[in-house]
Each structure stands twice: as structure tokens, then as C-alpha cells.
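What follows is each chain in one-letter form.
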Amino acid sequence: MSGSAVLILGAGSDMARALAHKYASAGHDIQLAARQVQRLAPDQADIALRHGVTVSLHEFDVLDLGAHPGFVQGLPSLPDIAICAVGLMGQQSESQTDMQKAALVMRSNFEGPACILGLLANAFEQRGHGVLVGIASVAGLRGRGSNYVYGASKAGFVAFLSGLRNRLARGPVHVLTVLPGFVNTKMTEGMALPQRLVAQPSDVAKAVFAATQKRREVIYVKPVWRLIMAIICALPERVFKKTNL
Amino acid sequence: MSALSGWGQYPRVQAHLAQPRSPEALRALAQSGGTAIARGNGRAYGDSAINSACTIDLRAFNRMLQFCPDTGQLVAEAGVVLGDVIATFLPRGWFPYVTPGTKFVTLGGAVAADVHGKNHHKEGGFGAYVDWLDLLDHNGQVLRCSRSENPQLFQHTLGGMGLTGIIWRLALRLRPVSSGWIKQTRHVARDISHAMALFEQAQDATYSVAWIDCLQRGPAMGRALVMLGEHAAPAELPAHLRATPFALPKRRQFHMPITPPSWLLNTATVRAFNALYYWQGARGAGRALVDWDSYFYPLDAILGWNKIYGRRGFAQFQCVIPLAQAEAGLRALLAAIAAAGAGSFLAVLKRLGAQDSPLSFPMAGYTLALDFPVTAKTLALMQQLDAITCHHGGRIYLAKDSRMARDMFHQTEPRAAPFAQYRQATGAAGAWASAQSERLGL
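Protein sequence lines, in the order shown, are assigned to chains A and B.
Heads up: the first sequence begins at 1 in the working numbering, then just goes up one per residue.
Heads up: the second sequence begins at 246 in the working numbering, then just goes up one per residue.
Just so you know, these hints were derived from the structure itself, not from any lab.
From the three backbone atoms N, C-alpha and C, an ideal C-beta is built for every residue, glycine too.
Hints are not guaranteed to be accurate.
According to the in silico footprint, chain A covers these stretches of chain B (three or more CB under 8 Å from chain A) [to be verified]: (1) 406–412; (2) 461–473.
If you want a taste of the chain A side facing chain B, the calculated C-beta under 8 Å gives, among others [said to hold, decoys possible]: (3) Pro42; (4) Asp43; (5) Ala45; (6) Asp46; (7) Leu49; (8) Arg170; (9) Glu237; (10) Lys241.
Counterexamples of contact, computed for chain B against chain A with all Cβ distances above 12 Å [what the hints assert, rightly or not]: (11) Arg308; (12) Met309; (13) Arg337; (14) Trp377; (15) Asn395; (16) Asp449; (17) Thr514; (18) Lys552.
Start from the sequences, fold in the hints, and give me the full structure.
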């Protein structure tokens with residue numbers, strides 16, 4: 001696999017940066033895609049210098065669906081692995097009063113990511129190989145009052161990835177769903193989180209890298225989340241609706 | 246607000262820690278109006294990188310930007326950790342010219358403290374290998390400074406403890422090396438004068454450092470193991486290492502699992518440790534080949550070793566005594582330490598070379614460094630050591646200090662007043678301050 005290219009969508013985030021370093025350290029060339037991508041020039045230099053690989057920058061707006069086909073065509077090569085790390089948490093309080101803001105959260109976490117991965121899936125299928133990675137969220141497994149707009153959009157993305165995997169299962173294209181629990185990133189800065197449940201961006205990168213090597217289907221970064229989510233998902237709705245999670 | 250401390254975990258200060266990730270966010274913090282201080286990886290021992298109103302974490306700015314294989318010049322952001330520089334460039338035949346005793350420092354922190362290594366007597370401090378810096382000032386301007394451009398600002402920033410602005414990017418020259426191994430020669434010194442004589446004879450050695458038994462009194466006072474080192478050429482390596490001269494043998498890393506109770510560390514255990522270390526070292530005197538990681542960073546193998554001193558934290562005392570007074574000064578310091586029975590596991594003695602800087606620590610002479618758990622007794626002892634240092638014309642290392650009194654600082658540092666005046670004149674005084682600079686009046 002080394003030498004082949006990895007595309008990272010939403011490359012400006014802490015998690016994306018960690019993923020880029022992880023794959024570059026294994027010898028993969030890196031394609032970084034983000035809005036205002038020139039701000040990532042220092043990362044481009046850093047990744048290339050540390051790991052001796054080729055790193056390219058690509059302007060990409062996940063919400064601009066019309067530009068997606070041109071974006072894919074403009075890549076120096078169709079990547080072997082495409083990782084979608086695009087995400088927008090938003091503020092639940094705003095998402096429940098301002099529907100424009102709610103729509104932005106839903107489009108950023110579901111519509112945009114699903115459309116670009118759908119496009120790449122078709123191209124990978126036509127070529128005959130490829131790995132698609134969607135960074136979803138444990139929040140997508142059950143809607144909670146504290147962040148259900150974000151959660152619902154991630155749930156949509158989880159269902160999309162699961163369906164895509166099912167569709168492609170008999171072919172050579174692989175789909176990985178990543179459900180990180182809490183991760184210490186800009187998104188969670190200032191939140192009071194139980195530290196034992198919090199992963200570092202480098203932990204996510206390591207887990208994703210290993211999972212793409214082993215062709216896993218769905219991963220949690222910290223194993224304890226599998227248990228937590230099993231419990232949360234098993235609660236009867238009558239009980240669940242009264243919880244304050 | 247959260248409790249921030251340096252590597253010594255003393256003092257702990259409630260402080261606001263800002264974690265900017267973008268140039269815009271960093272600029273906004275620099276211009277916020279109040280005072281602030283930049284912080285790297287938290288390896289200064291005391292309160293050098295803490296400002297309770299605004300401590301700015303530079304660790305997100307950790308990108309290497311450019312490397313020139315002809316000159317060995319690396320351009321990098323200040324939050325890059327020295328260990329990452331080594332991991333990236335040693336396999337290509339480059340190593341830092343100057344390294345402190347841990348590879349977990351950021352480049353910005355190394356510049357701010359103008360750190361020194363085991364080669365200061367011969368090759369100078371970290372700042373000597375910095376070609377230029379980009380300094381972010383309190384107006385949000387980035388000023389390129391070097392020996393020819395803004396030279397005054399450049400000189401005041403090397404060793405300036407972050408009090409001139411935020412070190413953002415720098416160009417650092419690396420040393421070409423042909424292997425990752427050090428040829429070490431170990432000499433046993435009977436006492437302090439013998440140790441100093443060994444250092445003076447070894448002025449040509451690239452690296453020299455001594456571990457000193459700080460609890461010995463009488464004729465054996467200052468008995469020590471003096472260790473000299475040179476970079477090894479591939480031809481000097483045993484056959485099985487020659488093919489991969491930069492490969493590091495697997496070395497286990499340990500975490501300090503718990504914070505041990507402070508009674509564990511008492512005069513008896515320290516005395517036993519020191520005696521054991523001395524006799525083991527004396528038996529193995531002679532030549533050895535040591536990998537770079539074990540040679541330069543023996544303590545980095547125990548992650549979180551700072552917890553060994555218990556919850557109250559520890560303080561490191563490090564002073565330098567000018568050459569002419571060094572033996573008398575060291576004898577007085579060791580006598581006071583042994584009399585107090587407050588020894589330290591690791592007491593380090595090192596010959597420094599001459600350096601002329603606005604605030605950097607080194608001067609031609611001998612530096613002694615020891616750790617003490619923080620107690621009323623050791624704090625009193627360190628005040629006594631300050632006075633001995635002052636009496637012999639020496640000074641204290643700010644990167645290690647967490648407790649010196651303002652009067653003592655100004656008595657030992659005639660450079661403090663001109664440095665403070667420079668800060669006033671440039672407007673830096675109103676923008677950059679640390680708990681340390683406020684304590685010391687800098």
C-alpha cells in the first residue's frame with residue numbers, strides 16, 4: 001500500500017492532521033482537501049518534511065455539491081483511501097431555534113459527506129479498488145436531547161455508510177465507519193468531559209490506520225464506548241426519554 | 246481557569262490557558278491588551294511560563310517548514326519538540342548542536358531559556374545556532390530578528406524568557422553527524438578539586454558532564470564521576486551496528502505509575518542511592534559506546550519522573566559560579582548541602598564556557614544543579630545556597646528557578662535592570678509577563 005495516495009476531506013481539523021501524519025509515516029502520499037486550503041501550507045510542508053512523501057492541497061467545500069465532480073477530477077490521482085473527516089457540531093441551543101443553523105449542521109455532517117463519498121465510491125468501484133472511511137460519531141447511534149441535530153445528521157451518515165458497505169460488499173471497495181467517542185480537539189475544547197473516555201487525535205489516527213489495514217467495518221476508538229453505547233441503545237425509549245445524557 | 250505548574254509541580258498557579266490553533270487566534274491573543282506569556286511543553290521547572298491572566302500554549306504551532314541539506318538549516322514553528330527534530334533528521338545524518346537534558350522541550354522554550362548542553366564549554370548555547378527568529382509583538386506584528394536584522398531584539402529574545410514577545414518561527418542550524426552513537430569515557434574523581442582538574446584537562450572534549458555525590462563531607466567532598474563524550478564515526482562502531490549507524494536500539498519507556506509518599510525520599514535513601522551509584526560507576530570506569538537517547542536523555546526513559554518527589558513538588562537549584570571563585574564556591578555549596586543532610590539523587594556539575602548575553606544563564610565557570618523536594622527546610626537551604634552563590638559572584642538559572650527572592654535576584658544579576666529598562670523602552674513590559682518575572686521584578 002505504501003506510496004499510494006490518501007485523500008483527507010476536511011483536512012483542517014485536529015483529527016485530520018493526525019490522520020495525515022499517520023498515513024504519511026507509512027509512506028502514503030497525502031492529498032489535503034479543505035476550504036481555504038492555503039492555510040494548510042505549513043502542514044503540507046511539515047508532513048512532507050517529516051515523512052518524505054508528496055503532499056498536495058486541494059480547495060474543497062463539502063456543501064458545494066455542484067463542485068464535487070470537478071474536485072474529484074482535479075486530484076493528481078484518484079486516491080486509494082479517502083477519509084471524510086468533515087464535521088460541524090454546532091450549538092444545540094441554536095440548532096433548535098434557528099433552522100438555518102440546524103440545516104447547516106445537517107448538511108455539513110450528512111448531505112455533503114454522503115455525496116462526496118458516494119461519488120468517490122463510484123469512481124473506486126469503476127477502477128476496481130479503494131477504501132472509504134467515514135468519521136461519524138457515537139452521537140449518531142441514539143438521538144439525545146443535548147445534541148440531537150448533530151446526532152441525527154451523524155445517524156444519517158452512519159446509515160449511509162452501512163448501506164454503501166452493503167452495496168459494495170461483493171466488490172473490491174471497502175467501507176469503514178469510525179465512531180470516535182470524545183476526542184480532545186478544537187471541537188470539544190472547554191467541555192467538561194470525563195478524561196478516561198477522551199481519546200487523543202493521535203489515538204483516532206492509529207485506530208483508523210489499523211482498521212483500514214485489517215479491513216474492519218465499524219470501529220470505536222476507545223473500546224469502552226462499545227459497551228457504553230450498547231447500554232444506551234438497549235434502554236427502552238420509555239426510560240431513555242427521561243434520562244439526561 | 247486551571248492549575249498550571251512547571252516541571253517541578255511547584256508552585257501551582259490558577260491560570261487561564263489559551264490554546265490558539267490559527268495564526269489569527271495567536272495574533273488576537275498577542276494584542277489582547279493585558280499581559281501574557283507563551284508556554285511550550287512545560288519543561289521549565291518553576292513559574293517561567295505561567296501568567297495567571299493569560300498563558301498562551303504554543304504547542305499547536307508545531308510544524309517544520311523547510312530544511313536545507315546544504316547548510317543544515319531547519320525552519321520550524323516554535324512549538325516543535327526537539328525530539329521530533331531528532332526523529333526526523335537523525336536518520337538523515339543531522340543532530341541538534343545543543344541539547345538540554347530532555348528532548349521534550351519545544352524549540353521556542355529552548356530559545357527563550359537559551360538552554361545549554363554538555364558542550365557549552367566548547368560550542369556555546371542553543372541561541373548560538375539560531376540564525377533568525379520571527380517574533381510576534383504586542384501590536385500583532387511579526388518581526389524578523391537576527392544578528393543583522395533587529396539585532397537588539399534578537400539578542401534580548403535569546404535567553405529572554407519569553408519577555409520580549411512570542412517566538413513563532415525560527416531557523417535552527419543542525420550538526421552533521423555520521424552515527425547516532427557517542428563514545429563515552431568515564432573518569433572517577435576523588436573530590437571536588439580532582440573533578441575540576443578533570444574538566445579543565447578535557448576542554449577539547451565535545452561533551453563533558455559530571456555526576457556528583459552531594460552528601461559526602463570531609464576529604465571525599467565532591468567525589469564525582471566525570472563523563473566525556475564524542476560523536477562516533479561508523480568505523481568506530483561494532484560490526485553489527487555499522488550498517489545502520491542511526492538506528493536506535495529498542496529502549497523501554499516507563500511511566501511513574503503513582504506519586505510515592507514523600508517519606509520515601511529521605512537522607513538515608515538518597516545517601517544509599519548516591520553511594521551505590523558512585524561505586525557502580527567507579528567500577529565501570531573507562532570507555533563505552535552509548536546510544537544518543539541514553540546518553541543525552543537518560544531521564545526521558547521514565548515518563549513523569551517529576552512525580553518521584555511527591556505531591557508537594559520539587560525545586561531545582563542550579564547556579565553558576567565564575568571560574569576564579571568556582572572551587573571556593575562549590576566547596577561552600579556542597580558543605581551547606583551535606584550539613585543540611587538534604588541531598589539529591591541527581592547532582593550535576595558542568596563546566597560552562599564564556600558567553601556575553603543580555604540575560605542568558607551561562608558564564609565561564611562551573612554550574613551545579615540539584616533537585617530538592619519542596620519543604621520548609623529545603624526552601625531555607627536554597628536561600629542559603631543563593632547567598633553562597635551571590636557571595637561568589639555567581640547567578641541562578643531562571644529556567645529552573647521557582648522560588649528565588651527578588652532582592653537576591655537583583656544582587657546576583659546586574660543585567661536585570663538594563664533588561665527591564667529595555668522592556669520598558671520597547672513596550673514589551675506592558676505586554677509580556679510571567680509569574681516568575683513578576684516575582685523577580687524583571
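Consistency of the hints with the structure:
1. 406–412: violated (count 0)
2. 461–473: violated (count 0)
3. Pro42: holds (4 Å)
4. Asp43: holds (6 Å)
5. Ala45: holds (5 Å)
6. Asp46: Check passed: Cβ of Asp46 of chain A comes within 4 Å of chain B, closer than 8 Å.
7. Leu49: holds (5 Å)
8. Arg170: violated (43 Å)
9. Glu237: violated (39 Å)
10. Lys241: Lys241 of chain A check fails; min Cβ-Cβ to chain B is 35 Å, beyond 8 Å.
11. Arg308: The claim is violated: Arg308 of chain B sits with its nearest Cβ about 4 Å from chain A, within 12 Å.
12. Met309: violated (5 Å)
13. Arg337: violated (9 Å)
14. Trp377: Holds, since 17 Å exceeds 12 Å.
15. Asn395: Per Cβ check, Asn395 of chain B is outside 12 Å of chain A; nearest 23 Å; holds.
16. Asp449: holds (35 Å)
17. Thr514: holds (33 Å)
18. Lys552: Given a closest Cβ separation of 17 Å, the condition holds.
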